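Asker: As you go down the protein sequences, you meet chains A and B in turn.
Its first residue numbered 1, the first sequence is counted upward by one per residue in the numbering used here.
Its first residue numbered 1001, the second sequence is counted upward by one per residue in the numbering used here.
Calculated from the structure, these hints are not laboratory results.
A portion of the hints provided could be inaccurate.
To be verified - If you want a taste of the chain B side facing chain A, the calculated C-beta under 7 Å gives, among others:
(1) Q1029
(2) F1032
(3) Q1033
(4) I1036
(5) G1094
(6) T1184
(7) N1327
Bear in mind the structure is a predicted one, so any value in this text is a computation, not a measurement.
All residues carry an ideal CB built from backbone N, CA and C; glycine is no exception.
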Amino acid sequence: MKLAKGFLTVLLAAKVLLAGAIVGVRVLAEETALEGVFAAAVKRAGPSVVSITVEWNPGKKFVPPAPGRPGFERGTGPVAGVIISPDGLIVTSDFNVNADAKRVMVKLGDSREFEAKLLGRDVSRGLQLLQIDAKGLPVPPFAEDSRIRVGRWALVCGVGETPADPSLSVGIVSATDRLQGRAIQIDASTNPSNYGGPLVDIEGRVMGIVTPLTPAGTGGGVMLSDSGVGFAVPVSDVLEHLAKLKAGETIRSAFLGIRFDTRTMSGGAKVVEVLKDTGAAAAGIRPGDLIVEFNGEPIQTSFKLLHAIGRCRVDDVVKFTVVRDGKRIERTATMGARPESTP
Amino acid sequence: MKRQMVGQSVMGMLILGCLAGSAGPVQAQEAFQKAIRVASPSVVSIVSVARGLFTQERQVLVGSGVVLADDGYVVTCASTLGESPRPTVMLGDGSMIPARVVSTDAKADLAMLRVKRDGLHPIAVSAGKLPGVGQWVVIIGNPFGLARTRTDPLSASVGVVSAVRPVHAQGFGYTDPVILTDVTLNPGSSGGAVVDLEGRLLGISSCVLTSKSTNTELSFAVPVSAAMKLLEEARLAETRKTEPVPTPPKMPEGGYLGAYILDESTGTKGGYIQKVVPDSPADKAGLAEGDLVTAVNGTRISSGRELVQQLDRLGVGSRVEFTVLRNKTELKISTTLTAAPRPVLK
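Same shape as in the complex, but just chain B (with noise of 0.2 Å):
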């Protein structure tokens, strides 16, 4: 008998070792310290201006945004953003940029947005398989936009999964289990980082959202994997837009010169001009009815055809030289084409 309990209470001290090992509260706290050491460089605050819906008055939305790759690829929630086309970012070191929405998921409410910067600090993904609940996460953001001037750093708290299950909640569409926790969410936390121990994403804290069911607040994330996909979205539709598209080549407009040339092809050493537009550069240039053009800005030609797409290739502006020959005498007559007059209605 006694042994036995002898036993046992060398069992329970076992037990309590391991709780020392784990879940010492001193090891805790050092966990969350390395978690949001390593994760908060990768988690942005984000502003943006929208007008607002009725009275077209002026609001700044701020949310939380998280770095997912360095050539500038930053995830948020779309709903942070309001309808403005262009937030901005503020990174850890103060600095603003002006970003682009390239991709949006309506359902899970997450919006791909890119800045022009390389070289910034991507956060580490936890891959796999959904936390489980219990486990500690730390959520780094910016609730109520505390962190007001650009050096201010973000707002960090603790606490646990309390349920890895899909949310039923008006304007969410994302079917699949989301991840929610203890942590009371403010608006502005909304695209924050949601992280383990090791400070790596687990999900992106959504907007606060009032449950269908329970009536009740609900503070959850995304999983990561859901941002994952818009990723490879976001960069598929980068691609395609960097690729060049072969747009038609601008045709410049054609210069006028007000002289109707005899299209003949053969029989003659040059182009007829068979009638002159009044006040028309042909006209003020001293081009007249009969004259044979033989060259254009030195260029020989020999029929009307050859002049005309001579005279097609010049645009609005250009200085034309014409060679002719009128009553067996060569000029010289210069010009500058000028824009086609528009027909007037009368």
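The following block holds chain A by itself, in its conformation from the complex (with noise of 0.2 Å):
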């Protein structure tokens, strides 16, 4: 304390004093104390964040109650989403702004405001896309994937006051690969004020989107709000998709039909049951094969394999190598829905 109250009189002094031995001291402690790197990540990543305000369809704004969650009242907002593209496209969680909207604002940084048109929503991941009839807005660096490592920082950026001043919450990437592979896991608080908004690394690069995802890795995890446990989809696996939601698709997650052998370790997954009528039994794969490659890369376990096929979408066509009776043999699958299939 003491110590605090002797450096704010340095601060004080410099301040009357000497201009340029203050630019110095600024610049050391933006340099160096933890506040100041975590402001100067929101500084960098802060202008794509804009403020989303949704005005709901009658008869839709009251959210009927669901297994495993109470039903609510749908915000109106402001809430966040991240500009991706300079022409207009912005990505937000579908917690908040979906379909059932009938009118969507975006409000940028600069004060400018637009209405948005919605396009495609990515079910499986809890993501809608928007669009606005703007040019030159201002794209976050992104982070690529290697980047993003458990341990790492992990700031997650909201609505604030205004666009302009996003809100902050800070943890570290708890884990990575999480929910079959779909989501990064973070402990810095998550809500609906800043579900949508960016994930940002310690140099303000966007390393993914926060939405609320169930621990059975669907859509609509609200009630793990400021749990400890929160989730964002790697911003690579939404510029993957980019082209399908600008088209107004709507994503599911896959679902393959077959089932595993889950206590081998080492050498491949071995299938043990195929269900009918869907893409794993149109591609002719049968029980007691060994699938040993999916998409070119190579498969020890059936946990990976369930991992490569949870990051999958419905109409994905993936290539196995399956091992039967010695010899290899190649087959293409196309992803279908899952039967009970989420809304």
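Hints are included, so try docking the two chains, each in its own frame, into the full complex.
Answerer: So this is what it looks like as structure tokens:
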């Protein structure tokens, strides 16, 4: 405390007397102290955070209760979104904004306001793509997947007082490849006010988009808000499916229709059962087959394959290499939808 | 005046320099990563199957545990086990090993498990005093059982020590100070490791409890000393268990012949058969009243008592050959001893 007081005096004195020295002190402070770096990261990503307000269609404001969660009233915002292309594409969480909305307004950091058009929705990741009629928007720097590692700082931006001044919650990356390989897990606070906002690293690069997912890997995990367990969809995954979303498609999680032997821990994934009328059955995969490769990626365990399939979407065409009676066989399957399809 | 100010600003620079060395964000991030890398091979997931209290419904409980010794001792939070006598420990390499509850500390809500596996990675333990308020902590565990498949890694969180004090909460009887942190614990985190930035164990994440005084949820860890004490107790319990307990040798059930033998210690050259029980092995083999048994399986006997002693050594199913003198003729009579007929109440 005494030290801090002394430090303040120093700053004050320096302010009065030595303009040169004060610049030096300030720069040093911003480069080194934790707060300064957090602020710098937010400053870098901040201009790409937008604030969204929603007007719901009549009768759509209240969401009835569903198994595992109570009913709730939808918020009207402002909620967060992230600019991902200079020509007006904005990604947000489908918890906050979706096709039930009557009117969606987007406010930029420079206070301009636009009515947004709803494009595609990725139900499997809880994301909604919006478009506004604007050009030259600030796209944030994106982090490569290899830079997203457990233990790194995880900063979540949400909406603040103004879009230019986003809110911040801080934590670390708790796990990667979570929920069958779909999400980054973080311990920073996530809640409806920052769903749709960016997950930012210490250098201000966007790692992912925060969305509420359940432990089962489906949308609508709002009951985990502020629980110390939050999820973000890797930005690389969003960009990979951008064309489909731009075309207005609804993307759903895939279902292959295979049950595996989960006892073996090496050699490949052993097929125990193939469900009827599924992609796997159509591709001619049979019980007893040993899957050793998936989309060119070697598969040692059924768990690795479950992750690889978990990342897939309906209509994805995937390639298997299967060992049957000692022979390697190539099979191509088209992913179908889960029979008990989640909304 | 001016000189004094310059001096102060130099001091200010020095303070900032110190901050750069200790609390730089990149250094902090690297320290978190190091702690996670060092400690996580020692943190395991624990799955137990319990029956519902009233419904008998099958419940799968997920918790976390920490490897304390390479010969298979794993500490966890006792209440995550439910009533399961055989929890399963899931190691980082995906192997699942059934564990045994060796000892428990009901007050601290800790349980010591043992798995039959050598060469586990025991966690480094922070010896000495309790952590200080404001100290960084890294918590590793399996909240909500998010590490669903056997090869999924566990989750890591960071925070700081909020307080070190005793807590008073329903169902928690540990009266010494515990480590409260600002990390939110969730079902499944219990039993996990709370480590310092060197990856050394400070405490074991406890169950989420609600404070009696403030009605708030508490996230805290039981200090590592309680876990080490339990480890000592468990080792002691195990040594006691492995010492050979002198169990009385099991007496083989004596074989039944079905003949009364004249118990005479002297004066004869063998044992006289006094009476034969009808339908007994003796009867079926043809032993008769008045026979003099002179040898059993080739061993000569000199009295009725010796005959009884010889027969006592033979169990059910033993084949026995008697050398018998009857009317001055030597006979060989063989039979198999049976189990004694149970007395029948009429």
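Asker: Is the hint on N1327/B kept, meaning its closest Cβ partner in chain A is under 7 Å away?
Answerer: Since the shortest Cβ distance to chain A is 75 Å, the answer is violated.
Asker: Interface hint check: G1094/B, Cβ to nearest Cβ on chain A, cutoff 7 Å. Holds or violated?
Answerer: Since the shortest Cβ distance to chain A is 5 Å, the answer is holds.
Asker: Regarding the hint that F1032/B lies at the interface with chain A, is the smallest CB-CB distance below 7 Å?
Answerer: At 4 Å from the nearest chain A Cβ, F1032/B passes the 7 Å test, so the hint holds.
Asker: Under 7 Å is the threshold here; is the Cβ of I1036/B close enough to any Cβ of chain A for the hint to stand?
Answerer: holds, 5 Å
Asker: Given Q1029/B as an interface hint, is its Cβ closer than 7 Å to any Cβ of chain A?
Answerer: For Q1029/B, the interface hint holds, since the closest Cβ of chain A sits about 5 Å away, which is under 7 Å.
Asker: May I ask you to test the interface hint for Q1033/B with respect to chain A, counting a Cβ-Cβ separation under 7 Å as satisfied?
Answerer: Since the shortest Cβ distance to chain A is 3 Å, the answer is holds.
Asker: Holds or violated: the hint that T1184/B contacts chain A, with Cβ atoms closer than 7 Å.
Answerer: holds, 3 Å
In summary, the structure is inconsistent with hint 7 from the numbered list given earlier, while agreeing with all the others.
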